[in-house]
Amino acid sequence: MSAGRFGYLTDAPASLLLAGVRVVDPADDSDAVRDLGIVDGRIADPGTVPSTAERIDGHGLVAAPGLCDLHAHLRDPGDGSAETISSGSRAAAHGGFTTVCAMPNTDPPTDGADRVAAIAARIADASCRVRVIGAVTVDRAGLALADLAAMTAAGAVAFSDDGGAVPSRALAADALQVLAGVDRALIEHAEDLGLAGAGVMRFGPTATRLGLPGWPPEAELAVVERDLALAEETGARVHLTHLSTAAALDAVRSAKARGVPVTCDVTPHHLALTDAWVGGDRTFAWDATGADQTEPSLAYHGDCRVNPPLAGRADALALLAGVADGSIDAIATDHAPHPASSKRVPFEEAAPGLIGLETALSVGVAAVDAGRLALPELIAALSTRPASIIGEPRGLAVGSIADVVVFDPQARWRVTAAALASAAANTPLLGMELPGVVRLTVAEGRVTYRG
Amino acid sequence: MTVDAPARTSPHRHLVDIDTWSRTEIEDLLSLAVEMRASRAARAHRSLLEAETVGLAFYEPSTRTRVSFELAAKALGATVVDLAVERSSAGKGESLVDTLRTLERTGVTTVVLRHSASGAPHLAVRETGLRVINAGDGMHAHPTQALLDALTLREAIGPLDGKLVAIVGDVAHSRVARSNLHALATLGVRLRVGGPSAWVAGFERWAGLEVATTLAAALDGADAVMALRVQTERAAADGIGSLDDHVRDWRLDETRMQRAAPDAPILHPGPTNEGIEITAALANGPRSLIGRQVENGVPVRMAVLARLAGLA
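Residue numbers (my numbering), protein chains in the order written: chain E, 4 to 454; chain Y, 3 to 314.
Think of the hints as simulated: they come from the structure by calculation, not from any bench.
There may be inaccurate statements among the hints.
[Stated by the list, open to error] To give a feel for the contact side, a few chain Y residues facing chain E, derived at Cβ under 7 Å:
id	residue
1	Ser90
2	Gly93
3	Lys94
4	Gly95
5	Arg103
6	Thr111
7	Gly121
8	Ala122
9	Leu125
10	Met141
11	Gly204
12	Leu211
13	Thr215
[What the hints assert, rightly or not] Each pair of labels, with its calculated beta carbon distance range:
id	chain 1	residue 1	chain 2	residue 2	range
14	E	Asp290	Y	Gly210	25 to 33 Å
15	E	Asp290	Y	Gln260	29 to 37 Å
16	Y	Ser118	E	Ser33	52 to 60 Å
17	Y	Arg107	E	Arg8	36 to 44 Å
18	Y	Gly223	E	Ala324	42 to 50 Å
The beta-carbon is built from N, C-alpha and C at its ideal position, and this holds for glycine as well.
I would like the entire structure built from these sequences, with the hints used as guidance.
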């Protein structure tokens, strides 16, 4: 992928006219074919776009608010073998994302104000906004609370010990007490390690057949229920990330109905992929026919190892319904790049996680094509709703900073290592053809990607 | 059969699991194993695999499987190299794929792989050009054990179609159980598993399988019984109660075997914990096929090596 297709936040503000494009803006609930103007990096009345500005034929294209990822691992600072802010932000731009929230499990971890500031100082020339998520505990060790207020002052937009949950109820309660005062959410990777045990894939018939230790859904539900109770008691915001079970979603739904300040997200892979993929199946959850479509040569592939593990079809479809009805606030990628050497090992030894920044929109479009989501619901879950969770404005109102993705929902592309801007290629979607091709990404008024 | 007989083509280049083999393919393989037993005694086929170099890569301890593969390969004239994991670079932390690629570059054509991780042979197939024979991977599969068990059973109780076989013990952690469930079901056997609930968990959703939660129910009317090795360190971790409880509720003995069909034989993949999952009297008594299982290991593995190489 040529670097020339990418722009940077330090570039000059753009002026352009998108003519006859389907503009989907969840901010004002609009969905109409019209012209969309950008002048000097701001959304403008199309009539005011200078005649010298670039004009793009938007026929067949969709323009939407730039995508916002609440959950990505950019591995920076780190050894650079899997990803850097540079490569990860280009992957984001390629995928239509204009904001990426960077998880703190870096090396060293982002657990203090100085480290938040150090990242913030290095992201100015990235190809998307990078927002910093701070660690909840010192060294992410789950023992002592980090200085959450100081990190907030340094720019952290949320806090998480992602990779695991805050291990004890008492510590989580302490964290929420501080976070309530600074109006930041605790982003929880809900997993009870005791219940998860040695599980490396979701407990179920496929795990039984493959002889892999099963991960029980109770491992997620236990922490979700604990955190919902804490949010209810403290009034502080809890955001449950990468939900993978219908049971946890049901718990969130009923908590929301009681007015508990909770939000949640799901990954594209938990919507589309199932535990059958570990056995070599490569059909999306909504396409599964029950027939055995397993390809033995793809079984036990390290790229299907992820935490929480891929779930059964019923869970995936329940989560899709949760996105459609708004019970799930956001689709977040949990983009987790790993070098090939960490995946080219037996399944249970593979590093958990897969990349998602460049395929999230396409997987979502596939769900739309399958009739599981309406396009505006998909856009809202990828842009305006996650942005609101970190307090970032989103929407295409005239006068706002231009943050736009333009994509062709009909066109298709093949996922190959060469087609990816990420430094990593660990996704089981590799080799597959997906719908939805990003044509233009504009972040903070600058063109950051052209396809 | 003679060395000059036309080679039967097998669609299988590897033996990773037996679940992809058809009934005809399994039955042909067992017939070939019977021929191999005779040809081994007659020292025929001593150059059948002379072009092959077989690497034994055992990442877990093994006596029966490793020795029988080595003897099988040598009986067919193959060059055999034992990786001796603890003395090799694998012992220094070299990755499995790197080690296998090294074997391949040195001229090994077939790897016989034993590994503690389920799916390790799939990785070997994906990442190397080696012919891969699974000699046991984690909890997943042990296909040559299932083949020799099927041969042993067939020779003891006749045609297997419609027979009822009970597999008793720690089914959940057993690659032997899984491969036998596939192979025996393909051969028309009705199957039942029995064990403490933690050791049969998940198997209630295994297609066509009956799950028994008491030993009496597991054995009831069985035409043959397969005992599995109890990994004594695992019993506590899995919360199945004490070893004493297990012995009281699940140990096979001659009296309890009365529940099964008259003269129903007993199998065990070995090594046995006599007194834990099976009494010494039963393991060494007239019902026991344990010795026959070991004897069938070499001819079955000769048949597998020859068939996968397309030479028999």
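Taking the hints in turn, this is what the structure says about them:
Given hint, Ser90 (chain Y) at the interface with chain E, is violated; its Cβ is 17 Å from that chain's nearest Cβ, farther than 7 Å. Given hint, Gly93 (chain Y) at the interface with chain E, is violated; its Cβ is 16 Å from that chain's nearest Cβ, farther than 7 Å. Because the closest C-beta pair between Lys94 (chain Y) and chain E is about 16 Å apart, greater than 7 Å, the hint is violated. Among the interface hints, the one on Gly95 (chain Y) is violated; its C-beta lies about 12 Å from the nearest C-beta in chain E, farther than the 7 Å criterion.
Interface hint status for Arg103 (chain Y): violated, as the beta-carbon distance to the closest one in chain E is roughly 11 Å, over 7 Å. This hint is violated: Thr111 (chain Y) has a C-beta 19 Å from the nearest C-beta of chain E, more than the 7 Å allowed. Hint status for Gly121 (chain Y) relative to chain E: holds, with the closest Cβ pair at about 3 Å, below 7 Å. Interface hint at Ala122 (chain Y): satisfied, since its Cβ lies 5 Å from the closest Cβ of chain E, which is below the 7 Å cut-off.
Among the interface hints, the one on Leu125 (chain Y) holds; its C-beta lies about 6 Å from the nearest C-beta in chain E, closer than the 7 Å criterion. Look at Met141 (chain Y): its Cβ gets to within about 3 Å of chain E, closer than 7 Å, so that hint holds up. About 4 Å separates the beta-carbon of Gly204 (chain Y) from the nearest beta-carbon of chain E, less than 7 Å, and the hint is met. For Leu211 (chain Y), the interface hint is violated, the least distance from its beta-carbon to any beta-carbon of chain E being 10 Å, above 7 Å.
Checking Thr215 (chain Y) against chain E: minimum C-beta separation of about 17 Å lies over 7 Å; hint violated. Between Asp290 (chain E) and Gly210 (chain Y) the beta carbons are some 26 Å apart, a value that agrees with the proposed interval 25 to 33 Å. The hinted range of 29 to 37 Å is not satisfied by Asp290 (chain E) and Gln260 (chain Y), whose Cβ atoms lie roughly 52 Å apart. At about 57 Å, the beta-carbon gap between Ser118 (chain Y) and Ser33 (chain E) stays in the expected band of 52 to 60 Å.
Judged by the Cβ atoms, the range 36 to 44 Å given for Arg107 (chain Y) and Arg8 (chain E) holds: they are separated by roughly 39 Å. Evaluation of the 42 to 50 Å hint for Gly223 (chain Y) and Ala324 (chain E) yields a pass: the beta carbon distance comes to about 47 Å.
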